[in-house]
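Between the sequences and the hints, there should be enough to build the whole structure, so can you do that?
Protein chains in written order, with this note's numbering: chain A, 29 to 346; chain B, 52 to 374; chain C, 232 to 511.
Chain A is faced by these chain B residues, among others (derived, beta-carbon under 7 Å):
id, residue
1, G156
2, P184
3, L190
4, T267
5, K268
6, G297
7, V300
8, A324
None of these hints come from the bench; they were simulated from the model.
For every residue, glycine included, the Cβ atom is placed at its ideal position computed from N, Cα and C.
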Amino acid sequence: MKAGVIEGAPPDPMIERRELVQRVARQTLARRVRISRGIVALCGLALVLGLIPLFAILYSLISKGFRWLSVDFFTQTPQFPSLVDPNAIGGISNAIIGSLVIDGIAALFAIPIGLVAGLFLAESNSRFAGLLRKTAEIMTGLPSILLGIFAYQILVIGFNEWGIKLPGIGFSAVAGSFAIGILMIPIIMKAAESALRRVPAPVREAGLALGARRGVIARKVVIPTALPGLITAVLLALSRAVGETAPILWVIGASTVVNWNPKKQMASMPLQIFQSATSPYVSLRDETWGIALFLVFVVLVLNLGSRLFAGWLQRERR
Amino acid sequence: MATTPLLDNPNRPLTENPKGFSVKSDSAHWAVLYGVSGLFALICVVFLISIVVSSIPAWRHSGLSLIYGRVWNQGANTFGALPIIVGTLATTAIALFFAIPIGVGSALAIVHVLPHRLRILFSSLVELLAAVPSVVYGLWGLLVLAPWFESTVEPGLASITGHKFPFQSPPEGVSLLLAGCVLFIMILPIIAALSRDAIAVVPREQFEGALSLGATKWQVLRKVVLPGARIGIVGAVTLGTARALGETVAVAMVIGLNPLFPRSLFSTAATLASTIALQFQDASPLQVASLGALAVILMALTAIVNWFGRRLVAASAYSAGVL
Amino acid sequence: MVDPTTTVTVSTGSSGQDTDPRTGPLSMRIKDAAVAFNGRTAIRDVTFDVPKNAVTALIGPSGSGKTTLLRAINRLHDLTKGAVVSGSIRLGDVDVYTGGIPPTLLRTRVGMVFQRPNPFPTMSIYDNVVSGLRFNGIRKKAVLEEAAESALIAAALWDSVANRLKAHASTLSGGEQQRLCIARALAVEPEVLLMDEPTSSLDPISMRLIEELLGELKSRVTIVIVTHNMQQAARVSDLCAFFLMGNDRAGEQIEVAPTKKLFSEPDDQRTLDYIQGRFG
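In structure tokens:
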């Protein structure tokens, strides 16, 4: 059977279709290609547009904030801008130390709880585990201000209902740590669970086959294997915690002096930005860029650092 | 590792638990796991309940007018949150209006337009946006964007549209529109990164299969890649929406916190989360309860969005032939 | 891989005559073709003619560049950065690369079936089959339905799916999915159908079904099939091209001959070794 027109024979529907397809394809080609190129270009444009804000923010941060980064900035406490010298506003050492204390204490209890809970989720398939996972999801979806309110109601003013009596601590760093800690736990849990689940089954089962108890297996085999992922989880949660404002908004009070006592009121970097940004004093507003630059720097170091570190650890092991 | 006394005494029955091979220490392991997880679960439950319980006085006082009432005036003990709910929905809608096309478009560009080597770089840049703390977005929005909006963007929009709704109010900088735009920038990385993951997972063979039929690149993206990534993209948008609904600090800094009904995109307004944040201090007990009620409304809204998202994901999975 | 004691039977799948199919009309002419990726040659020195309405098989052990060559024919390497195709590959009178045919249009004339079935999972069976027509701008229902039926019949799938055209493509078995892909490629009425190891992921029954199909399909399209299964090549093809990986790790063409001849009295010793299963 040859593809060709034979005189006198009825037209082959296949040949007709072939010619139709070629004809229509050729006719529509120019338009289709034009549309394709146009839309693909639009996608590229979308990417560029999407990155403009990032560069704009970084530019603002660096151009307006860099000049504030001095030794004084890091070591002095804030001073009220006087009429004589409105630029003598001191530094933010109180806020830096404050952030350190608040986030440090939060990390102190959030990391162990988050990791253990993550281990639980990775090891158990019970209904409770499912519920816990759901709860963690809900928690991460909630606005963090609610955690601040919770901390306020439980720790700041104390609880005196339904027969339970909790003395309030008043505005304090601990209350802030409580809120931030609860914020961090679900983040660590989820990421830790992923990291632990990624440990291949043969690795876990090898431990069981050798007769080890589950707890021992977990400690000596699974966790070390998943360590890069776990460290990433912790550092990511930390980078999130350092930048959070809402949970500590009404809970840590304020302090213009460096204060290491967590039971007292304290300052914090993100809170300082929030308050100074709306300040009527120009110098304070300008200073916020310096604080913001430093804060973003810390967050980026934690963020990128966690990934680079995990990558390095991964490579070291091979 | 546990030693097995079975080796010492081959006559020992296998069914008996040899010493050291105890289920006991296994249960210690589980005790710790359950204990800690239980503790955290308890804290969460107490937290959620306390929010709801704290709002009860407000519901008792205002009833459902909390939701449809138009006036929020703590001095007069009137708490109607409709303008605040509208503000929340409007800012989220503005954010999504920009974030979905630009987010999905960026994702398509990263996977199918960029040369391979640049993929990681651009993906990281997009994710970097997500790492910036909200308060810094608020700062930038307030000190950089707001003046620009007031002087250029809003008058420009007003003159283009002839001062018609929703561009008719006098430009103030701090406004519903500005808050929506700041939210857009904040949820963009979520939508872009998750969409990128979904799009990248569509197998190369399908792309090549469509191409081999004579399709142009966009035809393949539109008819094969995007439908294939539908599930992930819907999930991405759902997550972005939930984030936009609940964003507190950045919005608080750029929206003006005016619980009146916004008359146009240029007016100041309020959202649920920002109102809770900023009215909490010095609030009367009834006001505190009403703010708690706002939290309950917000939680309900978020739950609705998540439920809706799950339905859409299930529908997409069905039409993708997975179910 | 092959029991050296079995002899390969050349069955009536190949044209019963002993005439060289290349003496008839030709579909494509390939001369001195080569493909390189980032400077490293993957296959070189390819020269042979593809006869019309016949099955040409590209055979050889893995790594010999057969698939790379196949994908050069419908310009799939255009997607790969750093891929360079040299030499001439002519479809009819026109060079596929330099003759001014837009790749999109080329692919309506040269279709492809892939190693693993790749039906579009979000589309129904019907939508899958007509997807190629739709991509190229054909919308009329009557035309689409006619083409779908014709293609599905040709792919021996019509009877199984005629009453469930709206079902998802993923409800089909592996062998059926591959036949769906064949129908999808056929619906566009290409002149040439490239098949890249189309049965390697299928069970033996499906494999046989598709092999039988090829005998009927070749009256409709010219077929070029890559296969690492020698017996398959012997069963279905009219012309065979044998490739090997050379010392420079690039594939090279060793011998091209009508199937009967290649499998009984090959010119090259290496071809003989391969056929007798001494390697590969």
